[in-house]
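K.L.:
Chains as they are written, first to last, in our numbering: chain A, 118 to 421; chain B, 118 to 421.
Hint data in this document are derived by calculation from the structure and do not stem from the laboratory.
Take these hints with a grain of salt, some might be off.
It does not matter which identical chain is meant; a pair holds if it fits inside one copy or across any two.
Stated by the list, open to error - Here are the simulated lysine-lysine pairs, DSS-like style, with alpha carbons at most 27 angstroms apart:
{"hint": "1", "residue 1": "Lys276", "residue 2": "Lys162"}
{"hint": "2", "residue 1": "Lys200", "residue 2": "Lys359"}
{"hint": "3", "residue 1": "Lys372", "residue 2": "Lys200"}
{"hint": "4", "residue 1": "Lys276", "residue 2": "Lys372"}
{"hint": "5", "residue 1": "Lys162", "residue 2": "Lys354"}
{"hint": "6", "residue 1": "Lys200", "residue 2": "Lys354"}
2 protein chains.
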Amino acid sequence: MIDVCLLGTGGMMPLPYRWLTSLMVRYNGHSILIDCGEGTQIALKEKGWSPNPIDMICFTHYHADHISGLPGMLLTMGNAERKDPLTLVGPRGLTRVVGALRTIAPELPFEIRCRELSEAEESFSFEELDLQAFRVNHNVVCYGYSISLDRIGKFQVEKAKELGIEMKYWNRLQKGERIETEKGILTPEMVLGPARKGLKLTYCTDTRPTESIVSNAAGSDLFICEGMYGEADKQEKAREHKHMTFQEAAVLARKAQVGQLWLTHYSPSLTRPEPFMDEVRKIFPRACAGKDGKSMELRFDDEE
Amino acid sequence: MIDVCLLGTGGMMPLPYRWLTSLMVRYNGHSILIDCGEGTQIALKEKGWSPNPIDMICFTHYHADHISGLPGMLLTMGNAERKDPLTLVGPRGLTRVVGALRTIAPELPFEIRCRELSEAEESFSFEELDLQAFRVNHNVVCYGYSISLDRIGKFQVEKAKELGIEMKYWNRLQKGERIETEKGILTPEMVLGPARKGLKLTYCTDTRPTESIVSNAAGSDLFICEGMYGEADKQEKAREHKHMTFQEAAVLARKAQVGQLWLTHYSPSLTRPEPFMDEVRKIFPRACAGKDGKSMELRFDDEE
């Protein structure tokens, strides 16, 4: 199970009752945060989730509304007596930007490790999760992120019995281990059925629509995408500022055949996103306007 | 009239429903902000006051909870198309710290002027206001600020007539101007009564009690002072972290013979300050526990 919370939905500047766009992803006792603008630590507390197990923070880019909350978040994690290292991921310049911001957070009781992205697409892992960073199209270098959890095939008891595999090996085979025994080599493929559908979510903000978004979001259970403007006539403005309209986000969701679309990163001028959603759902029916604190549990198909 | 709003009352970290300590002072269409932690721009919007006329931001010191909101505040002022220069005031290192934070707010449509404080006490002015910065006692260099508005004596019509001063000079004399006429020199002293009581407020946070606070806060109409801990038994902790208890702040208020005391900069562990106030008022009766958004108009005695 992956637990997801959209901590905020604002773009450009934090507003009363609308935190800046940020996503928290929890899995197996660990958390990943994507983006950390001014106030993200308060949004997290409001949601009731703890900053203690955040082990990785990924940044889409370094505009202030996506990173200005970092010094405060680091200090709060330090005050909670964190000792484990924290990994930061982001476009080139990460070490420089984090170093500058740490002018006001110089002393921390934990190590910070920076991973700078330089390729158009980069893969890395976090616990059992696979992360994929992919470059998008904003007025500065900016990345989207996909997070996936693969699921191997079902263990076939009958097959194992048929092949005479001793029960003591079953658990290890089920976990994907290759085992050398006195009687020969046992591989998971011998006893596992076809790989089952895993979980996937994709987050991208501050970008024009791109093919890289479609290919990386493809098949996501949840696709969280910026929608800076609800009004269709803001198309030109979206193009100029390298953002998207709700409608453009919906077209991406349809092309990528995702499970659900949540919109976020609203312009401060957009007071209420809901009135635009009927039009959006004509393009992609399973779309909803993200709200601060909106959360969801992504579960395997037959998981309780 | 001086308009004062305590935008937040928290210390260390912003909390849901408690912004970080910051004070906004409005006078004659201009504003001074003292301290700007994470979320201060949201607190300001919640109060309904505009960031547009902020012409000066004073910093007590550079711990993150007093300055981390600066990049976002600057960008928001820029988005509001500010063109006038902004003056920043703070202890030595201001230019370096602001420069580092501007890594994420590099482009602004207005000029930033930094005034670094280096003396134990420094005076400067802003419009008709006199500001006094005074060094206090924290674990880094930290300043308190007093803001005063003097008031000259009342114009004495009878005296002016007696001296045969032409009416065309009255207004200029009333404003304190010295005038050379064909018949001789006219001075304000000739027609003004004794100076009347002006307005004064003092703000200090992140410090142990000091004599400099007493002398600089002396006679303030409003004294806004940190009270990190309400419990009298946190005295030792206050000393160790270079903060104050409510009781210590009240003693300062009594010594400085101020009009009112507002407490602020509460520890995150202090959920409700009110239960401690009865004890505090035994030391200084006109004390109250500051609340986010608490505001007041300071007026001259006979001002409508």
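K.L.:
Go through the numbered hints given earlier and state which of them the structure violates, listing their numbers in rising order.
P.N.:
Going through the list in order, the structure violates hints 1, 3 and 4 and respects the others.
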